[in-house]
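Top to bottom, those sequences are chains U and G.
Quick note on numbering: the first sequence equals residues 1 to 652 in this note's numbering.
Quick note on numbering: the second sequence equals residues 1001 to 1257 in this note's numbering.
Treat the hints with care, as some may be off.
Below, a sample of chain G positions facing chain U; criterion: calculated Cβ distance under 10 Å [to be verified]:
(1) R1030
(2) P1034
(3) T1036
(4) H1061
(5) E1066
(6) T1072
(7) V1081
(8) P1140
(9) F1141
(10) T1144
(11) R1160
(12) T1167
(13) E1214
Hints listed in this document are in silico derivations from the structure and should not be mistaken for laboratory results.
Computed from a predicted model, the values in this text were never measured in an experiment.
Backbone N, C-alpha and C define an ideal beta-carbon position, used for all residues, glycine too.
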Amino acid sequence: MQTHQYDVVIVGAGGAGMRAALESSRRTRTAVISKLYPTRSHTGAAQGGMCAALANVEEDNWEWHTFDTVKGGDYLVDQDAAEVMAKEAIDAVLDLEKMGLPFNRTPEGKIDQRRFGGHTRNHGEAAVRRSCYAADRTGHMILQTLYQQCVKQDVEFYNEFYVLDVLLSHDLTSGSVEAGEEVRVSGVVAYELATGEIHLFRAKSVVFATGGAGKIFKTTSNAHTLTGDGMALAYRRGIPLEDMEFFQFHPTGLAGLGILLSEAARGEGGILRNSEGERFMERYAPTIKDLAPRDIVARSMANEVREGRGAGPNKDYVLLDLTHLEPAHIDAKLPDITEFARTYLGIEPYTEPVPVYPTAHYAMGGIPTNITAQVLRNNTDIVQGLYAAGEVACVSVHGSNRLGTNSLLDINVFGKRAGIAAAEYAVGADWVEMPSEPEVGVVTELERMRTSPTGERVSDIRRDLQNTMDANAQVFRTGDSLRQALADVRALQERYRDVSVQDKGRSYNLDLLEALELGFLLDIAEVVVVGALNREESRGGHFREDFPDRNDAAWMKHTMAYRRRPGVTGPPKPARKPRQSKAAAAAAALKAVATSSVEPDGLTHPEPAPEVPTATTAVAGGPGATAPGVFDIVLDYKPVVMTRYEPMERKY
Amino acid sequence: MTATLDQATGAQEGSALGVVPSFDVTLRVRRFTPETHGEEAYWQEYTVTAHGTDRLLDALHKIKWELDGSVTFRRSCAHGVCGSDAMRINGRNRLACKTLLKDLNPDKPITVEPIKGLPVIKDLVVDMEPFFASYREIMPFLITTGNEPTKERLQSAEQRERFDDTTKCILCAACTSSCPVFWTDGQYFGPAAIVNAHRFIFDSRDEGATQRLEILNDKEGVWRCRTTFNCTEACPRGIEVTKAIQEVKRAMIRRAF
Chain U
1 MQTHQYDVVI VGAGGAGMRA ALESSRRTRT AVISKLYPTR SHTGAAQGGM CAALANVEED
61 NWEWHTFDTV KGGDYLVDQD AAEVMAKEAI DAVLDLEKMG LPFNRTPEGK IDQRRFGGHT
121 RNHGEAAVRR SCYAADRTGH MILQTLYQQC VKQDVEFYNE FYVLDVLLSH DLTSGSVEAG
181 EEVRVSGVVA YELATGEIHL FRAKSVVFAT GGAGKIFKTT SNAHTLTGDG MALAYRRGIP
241 LEDMEFFQFH PTGLAGLGIL LSEAARGEGG ILRNSEGERF MERYAPTIKD LAPRDIVARS
301 MANEVREGRG AGPNKDYVLL DLTHLEPAHI DAKLPDITEF ARTYLGIEPY TEPVPVYPTA
361 HYAMGGIPTN ITAQVLRNNT DIVQGLYAAG EVACVSVHGS NRLGTNSLLD INVFGKRAGI
421 AAAEYAVGAD WVEMPSEPEV GVVTELERMR TSPTGERVSD IRRDLQNTMD ANAQVFRTGD
481 SLRQALADVR ALQERYRDVS VQDKGRSYNL DLLEALELGF LLDIAEVVVV GALNREESRG
541 GHFREDFPDR NDAAWMKHTM AYRRRPGVTG PPKPARKPRQ SKAAAAAAAL KAVATSSVEP
601 DGLTHPEPAP EVPTATTAVA GGPGATAPGV FDIVLDYKPV VMTRYEPMER KY
Chain G
1001 MTATLDQATG AQEGSALGVV PSFDVTLRVR RFTPETHGEE AYWQEYTVTA HGTDRLLDAL
1061 HKIKWELDGS VTFRRSCAHG VCGSDAMRIN GRNRLACKTL LKDLNPDKPI TVEPIKGLPV
1121 IKDLVVDMEP FFASYREIMP FLITTGNEPT KERLQSAEQR ERFDDTTKCI LCAACTSSCP
1181 VFWTDGQYFG PAAIVNAHRF IFDSRDEGAT QRLEILNDKE GVWRCRTTFN CTEACPRGIE
1241 VTKAIQEVKR AMIRRAF
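Chain G extracted, bound-state conformation (with noise of 0.2 Å):
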């Protein structure tokens, strides 16, 4: 079972099956690799064969498996789900997995780097525990005072409605290492630690919005954001991250969530 995506163009009506042929495409990574190429990092191209539905993973992997098995990057379900593959395809933060690579004009070489902010240990393959360690300081689990309830707690359809898209989050860390604040200061939380305190403090069941909220207002906090929507272009989960953390800066302000 496979899709034949060299002939029967046409033959279908409006379905990508059968209708884009194969290319070849040139991929331009931005490699290091201190054991063997020194500490500098440098460019290298591979050319490879590439299908209609064959997405920019695909072509690494292609790469990978009969070019040169030492290119590394992260990945794991290649749908979009898990997050390994965050990546800078021609200079936008994107998952490798969600790219199709008929969508990137293959007419040019397409450039892979790692994404930026965040040290680089080897080709793609990024130091993601600076990530992780923003992430975990925001608190990002349900607070509550009191007995539980026997079953589950009550939420109206419209209180669920209201932190559904930053429910949404992979933390694959897209849109902080898309954020130029976060570039230069290291330090700043980042977009995706704050769209995962905006997930809690607009949950109508969580009572910890104001100790989030008093993290939040430290001087690496939501304020150094500069609104550059950076984020939301990078979301590969469509999270409108600007609007997120501006809705945190609001609560901050009039302390209403």
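Next up, chain U with everything else stripped away, as it sits in the complex (with noise of 0.2 Å):
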């Protein structure tokens, strides 16, 4: 085992771990850890562009923003977060343009925008150019410029190492930590891939910036190695995670393959068409139509499919229509996009309409963070030197529907904060002290998935999840189906603790890792189903059709969803200082809202953990401690944030 120090610690390297890293390695000792090398990051797969009210080509202010994030969202937006991101944003498009990124120009030469779902002139009056954009590559020129500045800058990666868990002063998971008492980072726990090597990095700061989950599900557009890991290492460890049942699928992922095609394709004048050639989203969405959000644009798509109008031989998809566009103007902006619907489905977009289905996409939960990218773990109090950014955090500037090109700007704007952030506060704190053979957990969970002579092959645990979380938790959900989901869930859970790997060696041992980011998933997915299970309304990306409205007077709050020991949801301790009284009674209420909300739906593990670790393992950590069944979901809730804006009907 190797040992390092750093006063910054960043895991990621998209984005928001660039970004991140360009801050806190200018003023500080910053080491920058991720599982693949930086440029093969997810970051650069996004096209259609980044939103900021730049006002180069027609009237436009962040006010109206901050307005279009919160709508979009369906209210569940914490508004002091979306107006910190609309009003940076800015900025944050001119410091990449001055990084060198490539933006496409108008004709005086400035930045050029476009049109993108949701994203409208005051308040809703129509579609506004805001998406600044380099043709439909977005994504991946902003990841190669951050790398480049990386590179000039000489940021320490540490690439193709995999974190397997962060350390942390208290047990989270015990329930006995009080509110107010002072929790903090002291590094975390690595794997090299090259070798099979343990490391071990101690910092004061870590930033978290590991993006999403979307291989919790078959059909998606994201990466094989999006897997949920810094979500997961986050909840075993007792943090809880935020809205995890806000999933967004995008409505255009090529047909059958998920392969995302970018809403700038509509932004561009791209229509969508059901079998009978009938532009359908102007009857869900009169004014604005194609160029809706998400969330309401996949559910339409999916609606005709249901009721019969879908294309091609299974009638199973919908129709982007491109063919009315000069070819030239698909060439110049939209060639990635195109290209795909060739390559993949053969496909001339120039003639034919591309077969397009709604594909998971993006998390718009993650591990609760303020405006500042510090890790909450309660309502109010902070992980001292832990903080989050991207689509692993929530802020929440997403609510429960992000709009297009806001991931690009959220990975920049709060990439920044928490690197300033993280960087500043390691320079005046001191070194925690590590916990005793940190590693142990980790280790014994590896060795015992190499070593272990035959069992449960991680592909078909896999496999089955995958095909339950699309057809029990996707577009369309109902208590009925998401209950099948969870006990689907569940009992692969069980299955995954004889998981077994072919490959017993320690060089490049990818079916090692694979199965640990099984085991992530596995985690994620339980509560993403927990969370949609308990959230009896519509709202954004979760629609129950059991409950089809959005209920304002009970939902309105954001879901907290904590893993904790068997029988530690009962009364907490009283507080025993007089000035924690406060804290103490917030920590009271979670408990009780927890009890009450959790049983009438069995969400709780009813039967007594079988095979609880050892004592040593239990506390050490790591996947080790994990093996279901152990531990409880405890839900609670926490305010949303308004400043400005009255929830209002979502029309557009």
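The two chains are supplied separately, each in an independent frame; assemble them into the complex guided by the hints.
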């Protein structure tokens, strides 16, 4: 085992991680740990653009952008965070331009802007040109530009290192850490893919920027490597996950494959049609039609298919029509996505409409943070030194449905904030004592899977997980479908305990890492489904056919899902110090809500925990401590921050 | 929602969905697993059933997930934008996720090897460090002097178009590892590094062209290129790599960029 010591360790080298690294590494000693080479990160797959109210091509301002973000998120957005993002968007775009990002240009030589779903002029009057873009490869350009700047600044990377545990001063899963008590991060445990060696990174600040978890679904635009690692690691250590039931299904995935075709296709004039050739979005969103927010478009498409107006031999997709656009215009503005249609479906978009269907795309939820990117361990207390930014985090700027382009904005605005905050904290902070033998849990689990001669195959469990999530927790959900998904996920977690890998080597054992990633997926899928089952309303990306309306009276609140040891949902210990009484009351409220809301739904594990790990591994933690059945999911709620906008009916 | 691929042929006007039936395909994989099979590389054949829209990456996944978990390769996005899975497929450098099996003549075994010229670590995984070291050497970042402007730097659409082609690079190494000069001389910068130098040399906002041209004027620089066009053929992004290299050569002679 090797040990390293850095003031700041950033986990993940996509847009958020590298944006954070650029800030942190010029302030203090920083390392970036990434399971991929940085330029492989999925930021590079983002296409359409990054919105900012530059007003380069028409009147615009950040307040309209804030409103669109709040309304697009079906009012579950924390409005203080949305305001920060929309305001800082302008500098975020200009920062990137100054770093060299090759934006498309206006005739005057300024950054060009185009229309995008849900972005409007003057609170919904009409679509506005707000998205700054570089053809349909804006994410690629952002990733490359940030990496170029990291090269320039000599940022220190540990590439192809998997972070497998985050070390905290307290065991939050015990439920006995009182509100107000100081909890700090002390480092991470990582696995070097090339050698199989364990590395211990001691750090004053840790920034999670590990991206999303789209691989819980079968049909997804996400990379194979988007397995919710950061979310699962935090969750396993007792940090809550916020609003995980809200998952975005992007309307235009290539049918059957899920490969993303940017919303920019519709921003540039593309039209969705059903089998009858009808522009059906005129019925669902009369004002902005095909440029309605993604949740609305995805549901409309699924509904067309369900009502028998799907195209194709099986009537199971709709058509994205670009044939009325000039080929030269398509080549200039949408070169990559039209090539995807040609390469993967053999479709010529100049002359034929492209088969499309919704594809799992983006987790609105994640590790809760405040607007300084500090990670919350309950509704109000932060974990000292721990930060999160990008898709792994939930600030929440996306609420229950993210607007297109706001993810590239999120990673730049909050990545930058996380990097600055993490470095500034580390400069003034003391080192935190690490637990003794912090790697034991990780090593035990790795060795068990690697050396077990036979057992369940990773790909079988993963396929079954993805199938049940697609069938039961996708665009349309019901109580019955979600209960089925939960039963399936729990059964798969049981099977996962016997998982074994065929590759028994130490060098580049990707078989082994896929097994670990499957463990993360199972944990995340469970939280998604439990949250979805619990939320008996429809809002944004979460649509319950048995509760088809938004219910602000009961549900205008964020879900907070905690992993806790069984039996800690009872009344909390009284606070020792009087000054903590307010916080303790909050904690009591948390647990009361948790108890009453969880049990009637049967969401806690009813049976006593089988095979509780030995005390040593349980305390040392890591994947070894996460066998299903050992922990309960405790649900609580966090109020939505509202500064300017009262919830209104969401019409487009 | 899946396209059923082995029925309804001809039902759709020209749509690839529903046209190509499933078929068996054999992959002949170049393996190198020093931990279990010693220091010699060897061939291993696997046969899997594939569907009409399957890519070579799908077949490799089928092998790894159903037949032999020890077969090792890098991959991530699976649609040609991350650059992880460049490999030598039937003797040509390509991305496994952009190569459709039906385009490869599945009647014969498909050979799959690691890209050449970089040290093989395990199976199809090579050491990418020498490749990225060359990239870093050409100063792949915007170089400017003086104060930054308050807002964006201005650039006309024509100026932006001048270097558009080389901004598409995903650093997959398909070009560099297809270059016969690079195979025999690992010190050569290689096409990818020159492409990324081109991206900045011809960017109207950049002021570092002289420094970059100095670096590429080295004996391991652009003059080693023998214009065999392997790189252009290999590029999965359709970048005219050889042309970019020629433009850099010309800029070096004329000092005009």
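Now the hints, each set against the structure:
1. R1030: violated, 15 Å
2. P1034: holds, 8 Å
3. T1036: Interface hint status for T1036(G): holds (6 Å vs cutoff 10 Å).
4. H1061: holds, 8 Å
5. E1066: With Cβ-Cβ at 7 Å, under 10 Å, it holds.
6. T1072: At 5 Å from the nearest chain U Cβ, T1072(G) passes the 10 Å test, so the hint holds.
7. V1081: Because about 5 Å separates V1081(G) from the closest Cβ in chain U, which is inside the 10 Å limit, the hint holds.
8. P1140: holds, 5 Å
9. F1141: holds, 4 Å
10. T1144: It holds, given that the least Cβ distance between T1144(G) and chain U is near 8 Å, below 10 Å.
11. R1160: With a minimum Cβ separation of about 5 Å from chain U (threshold 10 Å), the hint on R1160(G) holds.
12. T1167: holds, 5 Å
13. E1214: violated, 17 Å
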